[in-house]
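Can you build the whole structure from these sequences, using the hints too?
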Amino acid sequence: MNVHSTSPQFKQNAARALHDVQLQKALNNVKQGFIDKRQAAADKLPEFEALRDSARDIKNHTLEHLDLYLEAYEEKVKASGGHVHFARNAEEAREIILNICRDSGAKTVTKGKSMISEEIGINHYLEANGIRPVETDLGEYIIQLRNELPSHIIAPAVHLNATQVEQDFRRVHTHLDAKRDLSEPVQLLTEARAVLRERFLAADVGITGANFLVAETGTSIIVTNEGNGDLTQILPKTHIVLASIEKLVPTLDDVSQLLRVLARSATGQEMSVYTTFSTGPRRASDADGPENYHVVLIDNGRSSMLGTSFEEMLRCIRCGACMNHCPVYHAVGGHAYGWVYPGPMGAVLTPSLIGVDKAGHLPNASTFCGRCESVCPVRIPLPKLMRHWREREFERHLTPASVRSGLGLWGFFARRPALYRLATRAAMATLGFAGRQRGRFTWLPFSKGWTKYRDFPAPQGETFQARWQRERKGRTA
Amino acid sequence: MSDPTSARPGKPRVGLFVTCLVDLMRPSVGFAAVKLLEDAGCIVEVPVQTCCGQPAYNSGDRGTSKDLAMRMIETFQGFDYVVAPSGSCAGTIRKHYPELFEDDPNWRAKADALASRTYELTSFLVDVLGVTQVDASFDGTVTYHDSCSGLRELHVKRQPRKLLASVKGLTLVEMNDSDVCCGFGGTFAVKYSDISGAIVDAKTKNVEAAQAATLLAGDLGCLMNMAGKLSRDGKPITVRHVAEVLAGMTDEPAIGLARDTRNKTSQP
Amino acid sequence: MSARDEIFANIRRSLGVKGSETIRKQIVQDRLERSPKGVIPARGQVSGEERIALFKTMAEASLATVTEVSSTADVPQSIALFLRDHNLPATLRMGDDPRLKSMPWGDTTLEIAHGPSEGSDLNAVSHAFGGVAETGTLAMISGHENPSTLNFLPDNHIIVVSAKDIASDYESVWGRVRFAFGKGSMPRTVNWITGPSRSGDIEQTLLLGAHGPRRLHVVVVRE
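Protein chains in written order, with the UniProt record's numbering: chain A, 1 to 477; chain B, 1 to 268; chain C, 1 to 223.
Bear in mind the hints are in silico, worked out from the structure with no lab data behind them.
Any given hint could turn out to be false.
Claimed, not checked - Straight-line distance between alpha carbons at most 25 Å, and here's what the computed PhoX-like set of lysine-lysine pairs gives: (1) B:Lys-235 / A:Lys-452; (2) B:Lys-205 / A:Lys-31; (3) A:Lys-31 / A:Lys-44; (4) C:Lys-25 / A:Lys-78; (5) B:Lys-157 / A:Lys-44; (6) B:Lys-66 / B:Lys-95; (7) A:Lys-11 / B:Lys-191; (8) B:Lys-95 / A:Lys-384; (9) A:Lys-44 / C:Lys-37; (10) A:Lys-384 / B:Lys-191; (11) A:Lys-31 / B:Lys-157; (12) B:Lys-35 / A:Lys-384; (13) A:Lys-37 / B:Lys-35; (14) B:Lys-191 / A:Lys-358; (15) B:Lys-235 / A:Lys-448; (16) A:Lys-44 / A:Lys-25; (17) A:Lys-107 / A:Lys-237; (18) A:Lys-25 / B:Lys-205; (19) B:Lys-66 / B:Lys-110; (20) B:Lys-157 / A:Lys-37; (21) C:Lys-37 / C:Lys-183; (22) B:Lys-191 / A:Lys-448; (23) B:Lys-110 / B:Lys-95; (24) B:Lys-66 / A:Lys-384; (25) A:Lys-452 / B:Lys-191; (26) B:Lys-205 / B:Lys-157; (27) C:Lys-37 / C:Lys-164; (28) A:Lys-78 / C:Lys-18; (29) A:Lys-448 / B:Lys-205; (30) A:Lys-452 / B:Lys-205; (31) A:Lys-78 / C:Lys-183; (32) A:Lys-384 / B:Lys-110; (33) B:Lys-168 / B:Lys-35.
To be verified - Some chain A residues judged to face chain B by a derived CB distance under 10 Å, without partners named: (34) Ala-15; (35) Val-328; (36) Ala-331; (37) Val-332; (38) Ser-352; (39) Cys-369; (40) Arg-371.
From the three backbone atoms N, C-alpha and C, an ideal C-beta is built for every residue, glycine too.
So, in structure tokens, the structure goes:
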């Protein structure tokens, strides 16, 4: 079982989001910040487009040889003294993690930001089993206090404002002076830093995700700006890396290519502050670092995407650029998508992971404007893959009946040009006549969706083909 | 219709793909396209046609899409070029027909052949024919919306601006986010009308902020969406297809304005 | 079937392979051994003064501060000055790095502590394995010489780097790591550090010192 989804209620979620004044304000931050910064970073690096090609090719190559790279990686992790566990699905991964935690006698577990840990819902599971999971990325910490899913894959709390965060901190940090000043974001940060510093030092196990896994050396890589991921993994006795199988890349040189596009696409930084390459547990020559190093490799549907058109989705490096540039995400935010992964990448990935019957709205709720594809660092053709989902829905008769019958009618005429000309000529003459005085309709039958927000401009009346025939007949030749 | 053999050497024979929306809603755009093409020295013909199949294609109905694509491929066989006053319909032919016949080598070759000869109007004029100016005048400031498919599938951005710069009396002022979607998206506008409504609201706010009297674009779907929103909000901004201005054919009332002149003054 | 076996079987079924194909194995082996370089930006491909200047510019763009000294003997004074200028206490933690140890700390009034941090240190100094001019990044290697905790727990982190160790690009640093540790092997941790810790998680406002150091100060030793 994956985390519960409200994706089937996408429309209701979206309607609620559109009326949420505070959320709409917060979404403006996404529109304004990320886009310009990414563009500036790309402009500063003349090789950026070539690096995107390189990044795409590396991921494609790895996926085509995934079995062999996984074997090589596993061997290297073991050679460096680490343990590798394989999990077919979320249940297995949760159980493996719980067992490792229990073996370490863990009471508190710190966590670095990890989307795969959201996907398998590890926090609730650990809690239910008497272990306290503490998110340490500031954004993740905030949404954990609120018991929410992240609304963005790199900025989990982007839907909130400082006042909401202040209220949460006052509600939860009851050991602190109730009259303390928290009016500035920096005060919130300082408080979180102090509270979490204690958790870091007390934790028995640290769980991180991995941005990449390197087959050449058996290395797991995390990329953060806060440094929380590092404190999560170097302070406790045990470090667990939870990663899905498509995170593999062959070599350190390959991962350097990918790192050059990751931060630039995500936040517009030249490089994130901390890029950490971890290989096995503490060595004899080390003065710190975890004594135990475990990697939990989870499939959870990925292996079935290989060899299909959705294989391309497995190139995703989770930078968030697609949602940062998506007009639909800008309008409704991440929670409306109803599951772990929002935006265009979520619209493609979610149906693969929880089923298109549940997540069918997601690939449909796109204008196919193509802005996501135009910024994707690994050039995933997101609109094309959304269209593939629509095709599967159509084949399985999941497409709404109204759309099907409308299209069917249109297809019927479009296949029969003579009939088409006759029918459209009559229809446009009628509409054109009806609309001649105002030039537009504020209401039309069967188009409530359109006229709810905008008028429908009236046609000129005669069709082009009719007028062309009338005017040009015999003129040329 | 002219016999293919009658075309004089050097004069490209262009099949105009008028597109359904222009055919049905705004034929004047089609005539503007014909004028621009003929002024640029083309022989223009309009074979009997329906739809490129994009609505079906984007709704996941591959069967209907293929049927309509095959019909299009046959209809436009033998032309030197196929030109459409729409980036989105031209994009369907150029980018998506080849994908549609991925597994069918015979039709794939035909689709590729059509794709390579198909252009969006302003891109054809500028990139293929090398047109640098048009003979038209238009008094006033305009702002230009880059429709998504034309922009991202066919790289139409510079071409309409280049031609607009040659229109006498016209001043182009750029709006913010001219390259951001207007929220039309075909059936999206109806299926997800709340979201579409929010996106077009953001778009028309940018249009308004540009303080231009006229909004232009190269795709009628986007234009109807934005015109409908502007008129619903009572904004006195006229909306036209870029071809109308480039061809100097702006006598027809703008999109969404009354045809019956007696009532024209009642327009916002 | 074990989870591991089933996952491999699924991958192979989806890819339409057996896993025993010699050609595929060869391709993978070859890539792991040769580790081909990809696209390397021209930006960093400069040498001498130009490279040091680029490193400095990029590190400062990442909000680190950078100072240059002409010899290792000048490092302690330079660090003492930095701490004083920022009104920071004259304390400093460091590991067993022989390069740091051999510096004349006795010339300063700094109170020096050794070993990994337990979270209460305000200031720490580490010696970098190398630097990368392309993005002003420092490459740190774990070990008792430079414990990883010093990179993250103190409020103010000072990194000493030799000018000769500042490379053009990441790939050159990997070349040195492979030379030092053997191809295919790595130290327990390599940290690339590009600027001080930060977060933009509250209203997308950039704030420094999220969990790691609030300040990152780099001392480039030109010897």
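Status of the hints after comparison with the structure:
no., hint, result
1, B:Lys-235 / A:Lys-452, "holds (17 Å)"
2, B:Lys-205 / A:Lys-31, "holds (15 Å)"
3, A:Lys-31 / A:Lys-44, "holds (21 Å)"
4, C:Lys-25 / A:Lys-78, "holds (20 Å)"
5, B:Lys-157 / A:Lys-44, "holds (22 Å)"
6, B:Lys-66 / B:Lys-95, "holds (14 Å)"
7, A:Lys-11 / B:Lys-191, "holds (10 Å)"
8, B:Lys-95 / A:Lys-384, "holds (11 Å)"
9, A:Lys-44 / C:Lys-37, "holds (21 Å)"
10, A:Lys-384 / B:Lys-191, "holds (19 Å)"
11, A:Lys-31 / B:Lys-157, "holds (22 Å)"
12, B:Lys-35 / A:Lys-384, "violated (35 Å)"
13, A:Lys-37 / B:Lys-35, "violated (43 Å)"
14, B:Lys-191 / A:Lys-358, "holds (17 Å)"
15, B:Lys-235 / A:Lys-448, "holds (22 Å)"
16, A:Lys-44 / A:Lys-25, "violated (30 Å)"
17, A:Lys-107 / A:Lys-237, "holds (12 Å)"
18, A:Lys-25 / B:Lys-205, "holds (16 Å)"
19, B:Lys-66 / B:Lys-110, "holds (13 Å)"
20, B:Lys-157 / A:Lys-37, "holds (22 Å)"
21, C:Lys-37 / C:Lys-183, "holds (15 Å)"
22, B:Lys-191 / A:Lys-448, "holds (10 Å)"
23, B:Lys-110 / B:Lys-95, "holds (13 Å)"
24, B:Lys-66 / A:Lys-384, "holds (16 Å)"
25, A:Lys-452 / B:Lys-191, "holds (12 Å)"
26, B:Lys-205 / B:Lys-157, "holds (21 Å)"
27, C:Lys-37 / C:Lys-164, "holds (22 Å)"
28, A:Lys-78 / C:Lys-18, "holds (24 Å)"
29, A:Lys-448 / B:Lys-205, "holds (23 Å)"
30, A:Lys-452 / B:Lys-205, "holds (18 Å)"
31, A:Lys-78 / C:Lys-183, "holds (16 Å)"
32, A:Lys-384 / B:Lys-110, "holds (21 Å)"
33, B:Lys-168 / B:Lys-35, "holds (17 Å)"
34, Ala-15, "holds (5 Å)"
35, Val-328, "holds (6 Å)"
36, Ala-331, "holds (4 Å)"
37, Val-332, "holds (6 Å)"
38, Ser-352, "violated (16 Å)"
39, Cys-369, "holds (4 Å)"
40, Arg-371, "holds (7 Å)"
The structure fails hints 12, 13, 16, 38 (numbered hints given earlier, in ascending order).
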